[in-house]
Amino acid sequence: MPLLRIDVIEGRSEAELKELLDAIHCAMLAAFKVPEHDRYQIVHEHPAAEMRIEDTGLGIPRTERVVMVQVTTRPRSRFEKQNFYELLCQELLRRCEVKASDVVVQLRRMPMKTGLSDTAEPSSSPENFDPIRQM
Amino acid sequence: MPLLRIDVIEGRSEAELKELLDAIHCAMLAAFKVPEHDRYQIVHEHPAAEMRIEDTGLGIPRTERVVMVQVTTRPRSRFEKQNFYELLCQELLRRCEVKASDVVVQLRRMPMKTGLSDTAEPSSSPENFDPIRQM
Amino acid sequence: MPLLRIDVIEGRSEAELKELLDAIHCAMLAAFKVPEHDRYQIVHEHPAAEMRIEDTGLGIPRTERVVMVQVTTRPRSRFEKQNFYELLCQELLRRCEVKASDVVVQLRRMPMKTGLSDTAEPSSSPENFDPIRQM
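Residue numbers (the working numbering), protein chains in the order written: chain C, 1 to 135; chain G, 1001 to 1135; chain F, 2001 to 2135.
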């Protein structure tokens, strides 16, 4: 159960937001091989003044279409992470007209052994805390 | 000082939000034995389109009452975590009519030795950085 | 590339928000020696009912000017962290009239080897995943 927080500047329609989330999930499915319904996405829309996203001095131009994706997941290999980033940029460009220069990704490892719980019957299903299944 | 981010779909009254936070804190007190005023809760309310919370394929029905609780805390035992989840579900059902199937929890360990600071007089009180006291 | 989430209670003007972000970045530059444009700040403004920030029983008075700063960064020394906190409190008081008693900081270590990616040309620049450069 990777959890994604997605920060954007306000102004997208509901349909555009849906397309954005679908594009991001598509990259997750392909790069991290999560099940189709292993989808936990939360969007935060901000006035432009609330997002100050610069470029570490790399000369990357940011626009108001900038998309910050923060992913909390179990440890992933360098290949998986790079693959995710590349697929993400491809999907966002193709489907949402967001350039790679507007894509910022932060991957956070979930270090806790039983980090995520998610079940309708917690008392009877302690194994739902298992991180292998959950993350 | 565990920090909680709580994501919900907009539509609750201020009184209902307060009850939600009280219910969550009640589970924290009982399961993690934190002091009564060790309470750091931040709510994010979202339009429904901003929260895409599925079920990893487990067949769990989500409604617009879904509550995502993200806890950053010092390491906790499996017992503490499971206990927290169970008490949380009980309290949310009893006090807020939120079913366990609408409760999603993510526990994140705070790995940093001096992870949290919180004091009115930082210069004179370096020990306030101590994670044992702070988390 | 440290990422900062800053939670405040709504009511500040855009100019006041800008000053707040500038003050926080100033403390980052001095304490963590990040490059000037290594600046990734996201603000969340909340109605007062959405932020329940108490004091762990330490008797610290909170007001509606409370500022919660959550920093995800590579590991930092105790000195760096304490220095950051002290400079942050100084800047926030001097420039934004926020007292140290209203400043709450959470530092989170980025444990992932290739934690952050941020580049306009990911395919050709795998080194942009390097955490030493990125965080």
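You may find that some hints are simply not true.
[To be verified] Taking beta-carbon pairs under 10 Å as the criterion, some of the chain F residues facing chain C (in silico): (1) I2009; (2) E2014; (3) L2017; (4) Y2040; (5) L2058; (6) R2074; (7) S2077; (8) R2078; (9) Q2082; (10) R2095.
Hints are computed from structural coordinates only; laboratory data are not their basis.
In this text, a Cβ means the ideal position worked out from N, Cα and C, and glycines have one as well.
Among the hints numbered above, which are violated by the structure, and what are their numbers in rising order? 1, 5, 6, 7, 8, 9, 10
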